[in-house]
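Asks: What follows is the residue order along each chain.
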Amino acid sequence: MGLTDWLNPVKGFGVTFHTMFKKVETVNYPEEKRPTAPRFHGRHQLNRWPDGLEKCVGCELCAWACPADAIYVEGADNTETERYSPGERYGRTYQINYLRCILCGLCIEACPTRALTMTNEYELADSTRESLIYTKEMLLAPLGPGMEAPPHAMRLGETEEDYYRLGRNNG
Amino acid sequence: MGLEEKLPSGFLLSTVEQVAGWARKNSVWPATFGLACCAIELMSTGGPKHDLARFGMERASASPRQADLMIVAGRLSQKMAPVLRQIYDQMAEPKWVIAMGVCASSGGMFNNYAIVQGVDHVVPVDIYLPGCPPRPEMLIDSIVKLHDKIQNMKFGAHRAKQIDELELQALRTLPLIDQGTAK
Numbered sequence: 001m002g003l004t005d006w007l008n009p010v011k012g013f014g015v016t017f018h019t020m021f022k023k024v025e026t027v028n029y030p031e032e033k034r035p036t037a038p039r040f041h042g043r044h045q046l047n048r049w050p051d052g053l054e055k056c057v058g059c060e061l062c063a064w065a066c067p068a069d070a071i072y073v074e075g076a077d078n079t080e081t082e083r084y085s086p087g088e089r090y091g092r093t094y095q096i097n098y099l100r101c102i103l104c105g106l107c108i109e110a111c112p113t114r115a116l117t118m119t120n121e122y123e124l125a126d127s128t129r130e131s132l133i134y135t136k137e138m139l140l141a142p143l144g145p146g147m148e149a150p151p152h153a154m155r156l157g158e159t160e161e162d163y164y165r166l167g168r169n170n171g
Numbered sequence: 001m002g003l004e005e006k007l008p009s010g011f012l013l014s015t016v017e018q019v020a021g022w023a024r025k026n027s028v029w030p031a032t033f034g035l036a037c038c039a040i041e042l043m044s045t046g047g048p049k050h051d052l053a054r055f056g057m058e059r060a061s062a063s064p065r066q067a068d069l070m071i072v073a074g075r076l077s078q079k080m081a082p083v084l085r086q087i088y089d090q091m092a093e094p095k096w097v098i099a100m101g102v103c104a105s106s107g108g109m110f111n112n113y114a115i116v117q118g119v120d121h122v123v124p125v126d127i128y129l130p131g132c133p134p135r136p137e138m139l140i141d142s143i144v145k146l147h148d149k150i151q152n153m154k155f156g157a158h159r160a161k162q163i164d165e166l167e168l169q170a171l172r173t174l175p176l177i178d179q180g181t182a183k
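Going down the list, the sequences are from chains A and B.
Everything in the first sequence is counted per the UniProt record's numbering, starting at 1 for the first residue and increasing by one.
Everything in the second sequence is counted per the UniProt record's numbering, starting at 1 for the first residue and increasing by one.
Possibly wrong hints are sitting among the right ones.
Straight-line alpha carbon distances no greater than 25 Å define the calculated BS3-like cross-link-like pairs of lysine-lysine that follow [unchecked claim]: (1) Lys-79(B) <-> Lys-95(B); (2) Lys-145(B) <-> Lys-33(A); (3) Lys-11(A) <-> Lys-22(A); (4) Lys-145(B) <-> Lys-95(B); (5) Lys-145(B) <-> Lys-161(B); (6) Lys-95(B) <-> Lys-23(A); (7) Lys-49(B) <-> Lys-161(B); (8) Lys-22(A) <-> Lys-49(B); (9) Lys-161(B) <-> Lys-149(B); (10) Lys-161(B) <-> Lys-95(B); (11) Lys-33(A) <-> Lys-79(B); (12) Lys-145(B) <-> Lys-79(B); (13) Lys-33(A) <-> Lys-23(A); (14) Lys-49(B) <-> Lys-33(A).
To be clear, the hints were calculated from the coordinates, so they are not data collected in a lab.
In this text the structure is predicted, and so the values were computed from the model without any measurement.
In isolation and in its complexed conformation, chain B is listed as follows (with noise of 0.2 Å):
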């Protein structure tokens, strides 16, 4: 990326990370994929009692190329999911997902052949969140959690390593069923 990603790994990598990611987080801009009823939450949250400008977010830019974080908001039909990929890729890296609601997140109630049971058979989430819909209250809990993520990203070769431990987990983890002690 730029010379943050070249800098030998030690105490100014650390540095830089604490800074950069202080940065990224509070300055997210929204490219709002408002799909349905969720849609009318989001736009209650950039409303004046719940309001997302306090996050920085007030600029959600309809342009995914400027944009830094996408939103799913309600269900994705399978006509749909091409074009989310679509709008997905233009976006610039870095980029982060949140699905919102129960529909984005696995589906939801329709479990049937028209809707994508979850976005992230399409594009990769860091934030799922349920609700039907999610009151505006959960969604800025789900964006501060988010910021949390951001502010934790690594460069360089701390990232390579961070990268790389995630995908052993998520490799390791067994469905619940195996998990013997699940009640």
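So here's chain A without its partners, still in its complex pose (with noise of 0.2 Å):
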């Protein structure tokens, strides 16, 4: 109120020039990527012992699990000349529908071997429903250095317990 009320709409726009120049919170998405939290929830990984060999033993627990039914698997045998992990029984098939996947975690949970965690992978998005139920192959882990591609016989002990008693950094 008074002599300097006709400067109040300069100092409204002002304001609007000041916000001009501030920095903004804008994560420019596709060309920016940040990391996620470091046990986000994202795509799953089936993992391998060492050598190659697949830690799924074919338990199905995942998919008792799994509140949405996400999770197919069939376990087979191990026989000498085949044999995809250690011990008596493999993940023969393993499909997760990432349409119904909710990415809760409960499978990671109830996996007793630790074959199955999840990356921070999360760019699933695709145009059918088929491509996105994910098979065996693109969910295994990549094969690291000094990993031979199962089937093939048992490397690192004699039987499978000790791959169990290989400990959290051997294994």
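Fit chain to chain and form the complex, with the hints in mind.
Replies: This is the structure in structure tokens:
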């Protein structure tokens, strides 16, 4: 009120002008990808032992734990000539339907061998329903250095107990 | 449609397709069909941190008559299905649909009699987006994939051929259990 009232709109525009030069919070997503939290619930991964054998024993606990019924597992026996995992059985068929999976992580909690873990990958959109049913090949962890793709004999020990006793840092 | 549909196929038509595709993808107006929890992630994708306005999508039209893209965000119940179809029919061509979240894509964890098991039972879907709910980055990723589709849409004689090819491919795809080597 008073002589300098005519300055008020100028002050208003001044606020707008000042905001034009403030730092924006926007993360320019496809060009700038911020990393997710370490234990982020992303796409699943089937892990391997250091010699390449799969950790999955085909017990189907993940399928039973899944609240959305998104996992389909068929177990099969290891023979001496065709061995995919240490021990008696392996997961022959392993499919996760990402259009049913709610990424809750109950399957990871259920897995007794830590074969199933979650990566931080989240770019899963696709254009057909069939392509979003991930099969075992798509879910298996890539072969690291020193790993050989199964089937092959047990390299790190005589029985599966040797594998399980490798410890958290070696297996 | 317009003049561009009647151009003879050849170099001129392919240039027009590229230019029109670029123009269409840079200004896709979403008709947000926010039904349930995914709508919250949709709203936050429009917020300042992940800004949909960077893609020309800030004008989310409540009126389907002026919308290009319907983002079905959330569970579609049986009661809501005719409404969804009516809104889809009111949109003008060209139009696209993104099924956001597992519930819209396939019924998600609600495998029961009340939820439609995938909105593709009601409307044709272009992009399926998993997640419960999908992160804003996942939604933006699906929109970028849709932009690729829009950029490569064909006109006129090319479009008829493209439709035939896609249909033949869809008819030939076997279900996963018959694909033999599926493990």
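Asks: All hints, please: hold or fail.
Replies: So, going through the hints one by one against the coordinates:
no., hint, result
1, Lys-79(B) <-> Lys-95(B), "24 Å, holds"
2, Lys-145(B) <-> Lys-33(A), "16 Å, holds"
3, Lys-11(A) <-> Lys-22(A), "17 Å, holds"
4, Lys-145(B) <-> Lys-95(B), "15 Å, holds"
5, Lys-145(B) <-> Lys-161(B), "22 Å, holds"
6, Lys-95(B) <-> Lys-23(A), "36 Å, violated"
7, Lys-49(B) <-> Lys-161(B), "41 Å, violated"
8, Lys-22(A) <-> Lys-49(B), "14 Å, holds"
9, Lys-161(B) <-> Lys-149(B), "16 Å, holds"
10, Lys-161(B) <-> Lys-95(B), "19 Å, holds"
11, Lys-33(A) <-> Lys-79(B), "39 Å, violated"
12, Lys-145(B) <-> Lys-79(B), "31 Å, violated"
13, Lys-33(A) <-> Lys-23(A), "18 Å, holds"
14, Lys-49(B) <-> Lys-33(A), "12 Å, holds"
In summary, the numbered hints that this structure violates are 6, 7, 11 and 12.
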